[in-house]
Amino acid sequence: MRIYEELFIIKPDASDEEVDAFVEQLRTQLTTAGATVDKVDKWGKRRLAYKVDKYREGNYVLFQFTAGPEIVHEFERRLRVADLVLKFITVRIDETLKRLDKRKKERDKRSAKRAANAGSSAPAPAAPAPLQPVTEGPAIVPGMPKES
Amino acid sequence: MPEFKGRPGSAGQRPTGGDKAVATQKKQYFRRKKVCRFCVEKIDDINYKDVKMLHAFVAERGKIVPRRISGVCAPHQRRLTDAIKKARNIALLPFAAQF
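Read top to bottom, the protein sequences are chains U and G.
All residue numbers for the first sequence refer to our numbering, where the first residue is 1 and numbers rise by one.
All residue numbers for the second sequence refer to our numbering, where the first residue is 1 and numbers rise by one.
In case anyone wonders, no lab produced these hints; they're calculated from the structure.
One should not assume that every hint holds.
[What the hints assert, rightly or not] No farther apart than 35 Å at their CA atoms in a straight line, the calculated lysine-lysine pairs in the DSBU-like style are these:
| id | chain 1 | residue 1 | chain 2 | residue 2 |
| --- | --- | --- | --- | --- |
| 1 | G | K34 | U | K98 |
| 2 | G | K85 | U | K109 |
| 3 | G | K52 | G | K33 |
| 4 | G | K63 | U | K98 |
| 5 | G | K86 | U | K54 |
| 6 | U | K113 | G | K34 |
| 7 | G | K52 | U | K54 |
[Stated by the list, open to error] Derived DEER-like restraints, expressed as beta-carbon distance ranges:
| id | chain 1 | residue 1 | chain 2 | residue 2 | range |
| --- | --- | --- | --- | --- | --- |
| 8 | U | Q25 | G | K63 | 35 to 41 Å |
| 9 | G | I69 | U | E95 | 27 to 33 Å |
| 10 | U | R114 | G | Q98 | 35 to 41 Å |
| 11 | U | R110 | G | G71 | 19 to 25 Å |
| 12 | G | D82 | U | E70 | 24 to 30 Å |
Every residue gets a Cβ at the ideal spot worked out from N, C-alpha and C, and that includes glycine.
Please work from the sequences and hints to get the whole structure.
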């Protein structure tokens, strides 16, 4: 199973109910296909960086789910067929997350070691370092846009 | 006895043109050493969704700012270009500025 992220743009002239219904429909489709939807995030309307099908803005929706490749294929097909969707992008993120997790752990370890060395270098260098409470947030999707 | 002497005039030799180098250095104005922002701020994740951050590395016309200008290190520049190109695909960043 892999973790994927799907960001797509819905036409701005679709009403809120339409968007909600569409998102709900996609979510149920994913779950029935055997995927687990981890997160659905609606960013709301944003200006597009360039015109897409003569639209200047779009409604961004972000899905994060765990699934196999066939499910993604089907999901992409549905997005391609749907009239509401302007654009979509699928990104596989499980390896990125793994890499980030590793980097973070290394960084924590190093900083803990440094803190321990600074604290107890003179009295007892052999003493085990006072373990710092390693706070590990879930941090499923780092780098979310902070602006509205 | 193997000798590792450089050719006459190479860097291995005595600094013959020492005063000349100083003169050229004097002519150059002072330039601040550029550092990679991602290394300094310890940003591991260069994400394509973080438009605000990516905007700093895109020129006015929408081009990716080269490393020699921005000072980003090579591994980070690689990830950065990747992120910028993804962001362009989903209309978060422009391919080219509009007029």
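Status of the hints after comparison with the structure:
| no. | hint | verdict |
| --- | --- | --- |
| 1 | G:K34 to U:K98 | holds, 30 Å |
| 2 | G:K85 to U:K109 | holds, 33 Å |
| 3 | G:K52 to G:K33 | holds, 24 Å |
| 4 | G:K63 to U:K98 | holds, 30 Å |
| 5 | G:K86 to U:K54 | holds, 21 Å |
| 6 | U:K113 to G:K34 | holds, 29 Å |
| 7 | G:K52 to U:K54 | holds, 25 Å |
| 8 | U:Q25 to G:K63: 35 to 41 Å | holds, 39 Å |
| 9 | G:I69 to U:E95: 27 to 33 Å | holds, 30 Å |
| 10 | U:R114 to G:Q98: 35 to 41 Å | violated, 49 Å |
| 11 | U:R110 to G:G71: 19 to 25 Å | holds, 24 Å |
| 12 | G:D82 to U:E70: 24 to 30 Å | holds, 26 Å |
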